[in-house]
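Chemist: Here is how the chains run, residue by residue.
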Amino acid sequence: MSVLSKLKEAVICLRAGRVTLPYPATARPVPEKFRGRPIFDAAKCIGCAGCASNCPSREILVVDLCQEIRILQYLGRRCTYCGRCADVCPEKAITMSHEFETATNCIGDIRQRLDLFMSTCQRCGRCFKEPSHLEQLKQKGYRFDDVQNERWVLRSQAYLTSEAAVDDMKIEI
Amino acid sequence: MIARERLNQLKEKFGPAIQRADLPGDSRLFVFVEPSALKAICQHIFRDLDARYVTSIGLDDRPCSGKFLVAHDFAFDRDHLLCSVLAYLPADNPKVDSISDVVPGASWAEREMRDLVGIEPVGHRYLKRLVLPDGWPDGMHPLRKDVPWNHVPAGYDEEREFTFDEPPEGCMVVPFGPFHPTLDEPAHFRLYVEGEMVRGCEYRGFMVHRGIEKLAESVLTYNDIPMMAERICGICGCVHNVTYAQAVETAVALRAPPRAEYIRTIMLEIERLHSHLLWVGLACHIVGFDTLFMQSWRIREPIMWIAEKISGNRKTYALCVIGGVRWDITPEVRAELRQVLDKLEAEWRAVVAAVSKDKNIQKRTRGVGVADMTLVKNIGLIGPVARAAGADIDCRRDHPYAAYDRVDFDVITEFGCDVWSRVVVRMKEVFEAIRIIRQCLEKMEDGPLQVPIKDELPVGRIGVSSVEAPRGESHHFVITGENNRPHRWRVRAPTYQNLQAVPMMIKDQQLADMTISLGSIDPCFSCTDRMETIDLKSGVTKVWSQQELESMTRRGKA
Ligand code: SF4
Ligand code: SF4
Chain A
1 MSVLSKLKEA
11 VICLRAGRVT
21 LPYPATARPV
31 PEKFRGRPIF
41 DAAKCIGCAG
51 CASNCPSREI
61 LVVDLCQEIR
71 ILQYLGRRCT
81 YCGRCADVCP
91 EKAITMSHEF
101 ETATNCIGDI
111 RQRLDLFMST
121 CQRCGRCFKE
131 PSHLEQLKQK
141 GYRFDDVQNE
151 RWVLRSQAYL
161 TSEAAVDDMK
171 IEI
Chain B
1001 MIARERLNQL
1011 KEKFGPAIQR
1021 ADLPGDSRLF
1031 VFVEPSALKA
1041 ICQHIFRDLD
1051 ARYVTSIGLD
1061 DRPCSGKFLV
1071 AHDFAFDRDH
1081 LLCSVLAYLP
1091 ADNPKVDSIS
1101 DVVPGASWAE
1111 REMRDLVGIE
1121 PVGHRYLKRL
1131 VLPDGWPDGM
1141 HPLRKDVPWN
1151 HVPAGYDEER
1161 EFTFDEPPEG
1171 CMVVPFGPFH
1181 PTLDEPAHFR
1191 LYVEGEMVRG
1201 CEYRGFMVHR
1211 GIEKLAESVL
1221 TYNDIPMMAE
1231 RICGICGCVH
1241 NVTYAQAVET
1251 AVALRAPPRA
1261 EYIRTIMLEI
1271 ERLHSHLLWV
1281 GLACHIVGFD
1291 TLFMQSWRIR
1301 EPIMWIAEKI
1311 SGNRKTYALC
1321 VIGGVRWDIT
1331 PEVRAELRQV
1341 LDKLEAEWRA
1351 VVAAVSKDKN
1361 IQKRTRGVGV
1371 ADMTLVKNIG
1381 LIGPVARAAG
1391 ADIDCRRDHP
1401 YAAYDRVDFD
1411 VITEFGCDVW
1421 SRVVVRMKEV
1431 FEAIRIIRQC
1441 LEKMEDGPLQ
1451 VPIKDELPVG
1461 RIGVSSVEAP
1471 RGESHHFVIT
1481 GENNRPHRWR
1491 VRAPTYQNLQ
1501 AVPMMIKDQQ
1511 LADMTISLGS
1521 IDPCFSCTDR
1531 METIDLKSGV
1541 TKVWSQQELE
1551 SMTRRGKA
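So the protein sequences, as listed, match chains A and B.
Residues 1 to 173 in our numbering are what the first sequence lists, from first letter to last.
Residues 1001 to 1558 in our numbering are what the second sequence lists, from first letter to last.
Looking at chain B on its own, in the form it has when it is part of the complex (with noise of 0.2 Å):
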């Protein structure tokens, strides 16, 4: 029982300061602590006990225990066990001692804490706003129950500043972003130069707001959510969609019947071969290879075709229901799948020959965007960026979920730690994943797909699930609630994490390379607010505003 053994081991060591402990099973564990011990138990366990850092939850319980609660994720990856500290905080002026100093990857969880509940870090040495939009007034946090789910809120101040951090001294900004020719989705970095050399960065995201975790929690019902979900992700929609359904199967000890884990087990890899396909076409797109970038994307195309055919869509496939699927896979269609598999292996073994060697691609990528195991570790770096560094981390190994403990595969890792790798790293496990399918489709046994549900799930539990997103691991946390809802869910996209490493792995480097570096993460970012225009011949520099804009664009000019 190891995740007794853990919880023994932090008794030993803190003794009263551990309130209660729930051990649902031997791979989750939720410790409920004293919330001025809280800051020395997440140290212990992410420096003395080496678990790796997942995320922070902050939840207002006010209407159930008249309290805020904290939770801080981890994992031991080594154990199996996804282990959750929590403690209760006090429902007026909530203030909890900040990890972050110890635990850096918890800056931008922390930061949204105190953004969306209003659960202020003390201590956190960087308190700039992370997710709200700069002109929504001080003190009203979105996530309290108290706020409706479409309240507009009094005071929004469109003309309010944001105030950027000064640049070290000696050095440019160059803004990059929010909209860039290689940036999909808009997000904003001001890079510090030094001549061609990047000296640091400052990250300004979060510019497009959906409110789907709020809709979750106040409108929508258990099974509406995984439809939401699956839109949280552009490209690894189904990993959320599976993810939230495991987490609230978790939860209320359910569990989906063995041929809907299968389905969901290839519909994942379906997933990962086509983003892996994608992102291989993309980095080449971006360092300018567009041969690559074409051939890529056209061998990836059957794969959408077959996800079409099995889901009825070619990329949001509306898999999961609490408890089950939705789609079969008809004997027809395995048969299909099968051919479509052997097709994309051949074809990738060819391209994988080519790139291997080709010296162009090494040139632009090797020693590029370097993201060491030390850095993997402080920030809790996770997916092909993490395995790409040595770290033989993969949760579809370490956590067990749908239909991978039945199945063979290898964890690729590399050690290069730069794009380089990386790219080595999604080229091979497009391989694992044609393999894992493969022996899905040969052991999927006859059954039902979706377990019937006859009683209410019961109210506050909490389940977390992990997946492996072709980009790392997609991490959600849910506490169950009443009306058929849950009470709290939080979604955790492997780019939360990675996207925080990447101001570490562009410094020093050139700033033509910050593309390439930028891209290797596979960021899945999510709108702005003024543009600014020189007038080359007079060199002006004018700022337009909001309201300019949009008066500019009703007249239909610019």
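This is chain A alone, in the form it adopts within the complex (with noise of 0.2 Å):
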């Protein structure tokens, strides 16, 4: 009988009473394990670069300006929030965050850029203990990739070759 079937449907309906979320006003918050936006901590990050070799997106760069000073930059541009790059962390140096609105007319604003003193360290990238086999660092020693156009460099090489690397992404900065 549909006109019995349409009062069941009416029933749930009205057990249902409203359940729709007073969205942006105030947000539900999110759980524990919630991967939100990773937040790089500075202080406590020995630049081994283990994240930047096992990001999926190839969101984190590093470049060693020289000895002593190697510059890591995660660009937040297409990062997935995986959390790829905080499980491998040995330091514990990314936090996935509770931020999710990081919407931004200006993608500079989700940038994070850490200039970190190396001391004597030789960056052999050993001090990246990989979890497994798979996640061995690939690009152990020296790393130069393109800061200045935002691009990883593949292989581990000593210096940028000056062909301009192709835009794969325009945003303005």
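These aren't lab readings, by the way, just hints derived from the structure by calculation.
Certain hints may be false.
[Said to hold, decoys possible] Below, in silico cross-link-like pairs of lysine-lysine (BS3-like), each with a Cα-Cα straight-line distance of 25 Å or less:
id : chain 1 : residue 1 : chain 2 : residue 2
1  : B       : LYS1443   : A       : LYS6
2  : A       : LYS33     : A       : LYS44
3  : B       : LYS1343   : A       : LYS33
4  : B       : LYS1428   : B       : LYS1359
5  : B       : LYS1428   : A       : LYS6
6  : B       : LYS1454   : A       : LYS92
7  : B       : LYS1343   : B       : LYS1443
8  : B       : LYS1507   : B       : LYS1377
9  : B       : LYS1128   : B       : LYS1145
10 : A       : LYS8      : B       : LYS1363
With the hints as a guide, bring the two chains together.
Modeler: Given below as structure tokens:
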């Protein structure tokens, strides 16, 4: 009987009451484990580049300015908040925060740059303890990502070639 | 040993044409055959041995063997066996006999192979470009190994026109999509209509290219790919994540720890729950019954929240790495998940009780979008579409993976072959999913979440894995490679097969039923190049080119 089923459907609706959340006026609190924007702690980071080598989206760039200074730059353009960087970091320098409202007109708002003093470390990459064989740091040694053009350089090399990297993403900064 | 039995059957019939075979266990069979006998062997497997066609894979194997490789995958569902028939093709001018006239479902896969790898299916009757954009230069095949991942081909012709087929005589053309209120993603159907009746259609899809397979083969590494794989689909992402991990694991004979297998099962079923509830809502929305659309999405929301609690995200769980899972199910979450399931079950029971007697919904869906057993067999339809036609197939039972061999559940089948049967199948499957999760929570043993991987993964191993996604079987084919990444990774999502049946499903149906017929396969498409405007006063049709559109939007006015 169709009338009966219509009544049943009406009951379902009435029982449910109002469930719409008042978002964005107030946001529902996110659970403890929520993976939001990763936050990098320069005080803890030892510059091992483990996060950079294991980021599936290639969002973390590393460049050595000189023997002592290493720059670690998180771009935040296409980060998928997967949390792999936080997983592999041996110093727990990365926290997956609870921030999710990260939409912005200026991508530079999300970018994080760590200027790391490397002391006398020879940057062998060995301080990065890979969780499994598959996470082996493929880029041990000097790192020269193309920070200017925000591009990951796929092989570890001592200098950058002069040719411009293909710009896969033109975003106003 | 069913795999050996099947191999012997093939050997008996084809003798020397079978060059070599790999039997890694009783559930997988890889047969390397003479290219000239490939078609006959596939025909025998598909017709005489009654296997189900899964997909075809083309591969540029020149860096390893100096040749091209083509593989046709079949599934012997009753024998719990997945079988690949492979043939090496010469490096210059790779050609292979098309199997699409004996296995109609292979048509798209062969066209894709031709576009992306440049293997010519000889004898294919409809060799229109399928995957590559219209302006892409001829003879340039992106999945070949000598093409870099970031290659921008010279000679891209943005102005190149797509030629549509001629509509049959007496038919009008009604364009449907690429943007249509009931399509969530871009796809274009050119419907041929006679009055109100649809007589046929031409499909044009593949409008979004992300190059995930190419990236995986050239840039990403084994443990990066799962996070990318789950972005293949916006609803059943976890399925691809798990299928990929399993394909690699079977290739290198690695097994995830039992606890990880249970967690994979639970997350896959959580995904099925939210996907089916979403679909029932959408189907109601398409037929204009928004009340139930709202209610079914309301009932779905707690599932999303519990997924968020377990994995940190309501949709992209980022669950698997090779050899295990990343997230544990803690005792608190376990208790909460039980509560969520209890509530969901009670509420869903009420919905099912109401809907199953609702005449309005039935009138819109009974006898609509018919896909019968013949179509299921020919095109290789899967999932709820096949089960609604009485095909008793379900990868969870037929090709058990994760912890499905340790739980008890029913495969729901219906016999109406129409949209209504698909509604019923999905509604009932919700209860089965709840049952499975409950059993997993009960049986889950303590233990590690990942196996330690001590050595590099061996090179050149083949692995296939099928996972029953909410929409049907998702199938991944992996060949392991050097540099910590696969040599070839091919993904076949369920919609790939199911979509090929849409032209047959909507034939001789009312135009108004098109949307629900299409919606009933729960399609998952992935933008367009131009639009058409008609000046109503003068009736002049003008087709806007991409450049005109761009300059218009840049000026900020239309
Ligand atoms: S969260 Fe994932 S995508 Fe984002 S920076 Fe970390 S590893 Fe990369
Ligand atoms: S893995 Fe951790 S310690 Fe190493 S570079 Fe990244 S943030 Fe710093």
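Chemist: Work down the list of hints and note, for each, if the structure agrees.
Modeler: Evaluation of the provided hints:
no. : hint                   : result
1   : B/LYS1443 to A/LYS6    : violated (40 Å)
2   : A/LYS33 to A/LYS44     : holds (21 Å)
3   : B/LYS1343 to A/LYS33   : holds (23 Å)
4   : B/LYS1428 to B/LYS1359 : holds (19 Å)
5   : B/LYS1428 to A/LYS6    : holds (20 Å)
6   : B/LYS1454 to A/LYS92   : holds (24 Å)
7   : B/LYS1343 to B/LYS1443 : holds (21 Å)
8   : B/LYS1507 to B/LYS1377 : holds (18 Å)
9   : B/LYS1128 to B/LYS1145 : holds (24 Å)
10  : A/LYS8 to B/LYS1363    : holds (18 Å)
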